[in-house]
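Participant: Sequence:
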Amino acid sequence: MSSRALRRLKGEQRAQAALNTLKLTDEDEEEQMKSDKTAHKQKNTSNIFELVMSGMCDQGRRCDDLSVGDDIDALLETLEKKKGPSYQSANNSASEHRPVLYVEHRNLNPETELKRYFGARAVLGDQRSKQRQRQFHRCTWMTVFKETWPRFSRPGISMSLVESKDGIQRFTFEHNRDYQQVQFKFLDAVESMDPNNFVVILLLEYTVQHLFVLFVSAERALYSFECAFHPVFSLTSGTCRLDYCRPENRAFYLVLFKHMIFLEKRGCPRTALEYCKLILSLDPDNDPLCMLLIFDFLCLRCREYTTLIRLYEEWEVHRNLSQLPNFSFSVALSYYHLSQQEDISPVENQQLKQKSNVLLQNALIMFPGALMPLLDLCTVQPDAVVSSHAFFGPSSQIGQPPALSELVSLYVGRCHSLWKEAGLMLWLEENVRKVLKRVDSHDPYLEDCQNKRKQRYQSAPRNIHRHVLMSEIKEATATLPLEVTTQPGMGFDPLPPLDSIVSYIRPERYYLNALKFSTLFKNLKRQSDDHASISSLLYGTPCLRERALSSNQ
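So the sequence shown is numbered by UniProt numbering: it starts at 1 and just counts up by one.
Since the hints were made in silico from the structure, they are not lab data.
All figures in this text were calculated on a predicted structure; none of them were measured in a lab.
Even glycine gets a Cβ: it sits at the ideal position worked out from N, Cα and C.
One should not assume that every hint holds.
In the DSBU-like style, the derived pairs of lysine-lysine whose C-alpha atoms are separated by at most 30 Å in a straight line are [said to hold, decoys possible]: (1) Lys454 to Lys437; (2) Lys353 to Lys452; (3) Lys474 to Lys265; (4) Lys434 to Lys355; (5) Lys355 to Lys420; (6) Lys434 to Lys454; (7) Lys258 to Lys115; (8) Lys474 to Lys258; (9) Lys437 to Lys452; (10) Lys454 to Lys355; (11) Lys265 to Lys115; (12) Lys420 to Lys437.
Between beta-carbon pairs, the in silico distance windows are [as the list claims (entries may be wrong)]: (13) Tyr102 to Pro231: 13 to 23 Å; (14) Lys452 to His230: 40 to 50 Å; (15) Asp178 to Lys452: 52 to 62 Å.
Generate the whole structure from the sequences, applying the supplied hints.
Facilitator: So this is what it looks like as structure tokens:
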């Protein structure tokens, strides 16, 4: 064999050896990667997606056809069991570091809560198949643009930064000239007392007040507002303020309140609580819509007991929340529910139960007029000893100051459904008997509470009346004072502040201009001279009135 052929043979052998070595190295790397992935899966079984896929594949189901959101309830339950109390305590400690009014973006979407209850497939339906056909719309946190809505165009609302001081940013909504003209037409339609006039404006052009008055959609109004947000304005920071004295800002407050009530009735109390915190964070010092009167109810509805207790402990010093009937009873109820949990020690259970008993007894002593109406709405017949006792008898309700009657009626009318449990009624009965013993033994705490009831609650502030009007709870509405029920008011702006800041003034117009809207629905060809004279006399200008009088004479 020649030297050339020998060199070629050796070269082929060396090349083949290198290829074999490379192949072995690749196989080792693949095996190492597989082993690393397996070890990573074993270590990170708390990953929500890996847990779903591994759990379902073990049951012999196809992993490709599985939607994570379809079995979210079972997944969350599995995660809680797997992680145990240490994970829950870690979550609680993380939430404790946040402000009590911290708002989470994901909780502003009701679909997040509905998916947790019914699964993603039941909530979304056939929306997934239509995602490719949808047109692009601006992404917002509070609402999702619906295809049934008319095409969005800028409605003339904008937001500007008024002041930034000490870490607090104060904003205000502004209306451009075109929006102001539509607003004037809206006020003319209100004065005309003809609902058809609202429909005319809504078909052509609308303001957020139109949507509010006609109950068309609070979500559409929220979408318009959110599209007008300032780039610095944040829903979650808790440092952004809106002055309720400005009419442009009041519409945003009222739409948020209406949407919150709708969500609670829809069965989304957790989402409604998030909106309640959002409204309260916009002006926590003044609280123009008095959101503290509904905060406890939403916390109990969605079982956020620790949130309610934390707000009570942090705000009691400077807001005296214990003087509100709803907080006095609801905080005691929160401690009772916490004592009924199964994952607490017997010592902690006893401490929570004792704390709830003390708070409930203090609430019954401070507000004795709430017991009988509460039992009545719960369809519970009180014991003869309780009903015949002077402390809880009719005199306790008759002798209440007007403002206290309004607060008690609001709490009982709103929260009586939370007490319709057999265990709660037994707990309430037990503490009522202990209160009667304290009353018969002349406990000095009774005299202190009686003095507080006489000195306070003489007149409720304007924001409480506004909250009662917007809540539409008949038990509380019946207790409103005459100065509130007899004064004229508008549903789109109930009880406006006395110190409103007016940025633009509506030009004075006679009622005749408001009647022009009715011509779109009534085609009156001719009117008699007598009818024209009467109309001019009733609605016309002073010149027309003089002509009508002269013609009639």
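Participant: Is 52 to 62 Å respected by the C-beta to C-beta distance linking aspartate 178 and lysine 452?
Facilitator: Given range 52 to 62 Å: holds, Cβ gap about 54 Å.
Participant: Run the distance test for lysine 434 versus lysine 454: straight-line Cα separation, threshold 30 Å.
Facilitator: Within the cut-off at roughly 24 Å; holds.
Participant: CA of lysine 454 to CA of lysine 437, is that 30 Å or under?
Facilitator: 23 Å, holds
Participant: Assess, step by step, whether the Cα of lysine 420 is no farther than 30 Å from the Cα of lysine 437, and give holds or violated.
Facilitator: This hinted pair holds, its Cα atoms lying about 25 Å apart.
Participant: Range first: 13 to 23 Å. Now tell me if the beta carbons of tyrosine 102 and proline 231 are that far apart.
Facilitator: Because 21 Å falls inside the window, the suggested range holds.
Participant: Are the Cα positions of lysine 454 and lysine 355 separated by 30 Å at most?
Facilitator: At roughly 27 Å apart (the allowed maximum being 30 Å), lysine 355 and lysine 454 satisfy the hint.
Participant: Between the alpha carbons of lysine 353 and lysine 452, is the straight-line distance 30 Å or under?
Facilitator: Distance ~27 Å between lysine 353 and lysine 452 Cα, so the pair holds.
Participant: Does the structure keep lysine 434 and lysine 355 at a Cα separation of 30 Å or less?
Facilitator: Roughly 14 Å separates the two Cα atoms, so the pair holds.
Participant: Taking 30 Å as the top limit, are the C-alpha atoms of lysine 437 and lysine 452 close enough?
Facilitator: Between lysine 437 and lysine 452 the Cα gap is close to 21 Å, so the pair holds against 30 Å.
Participant: What's the verdict on lysine 474 and lysine 265, does the C-alpha distance respect the 30 Å limit or exceed it?
Facilitator: The given pair, whose Cα atoms are some 16 Å apart, holds under the 30 Å limit.
Participant: Hint check: lysine 258 vs lysine 115, CA-CA at most 30 Å. Holds or violated?
Facilitator: It holds: about 23 Å lies between the C-alpha atoms, which stays within 30 Å.
Participant: Quickly compare the C-alpha distance for lysine 355 and lysine 420 to 30 Å and report which way the hint goes.
Facilitator: Measuring from Cα to Cα gives roughly 21 Å; hence the hint holds.
Violated hints are absent here; each numbered hint is respected by the structure.
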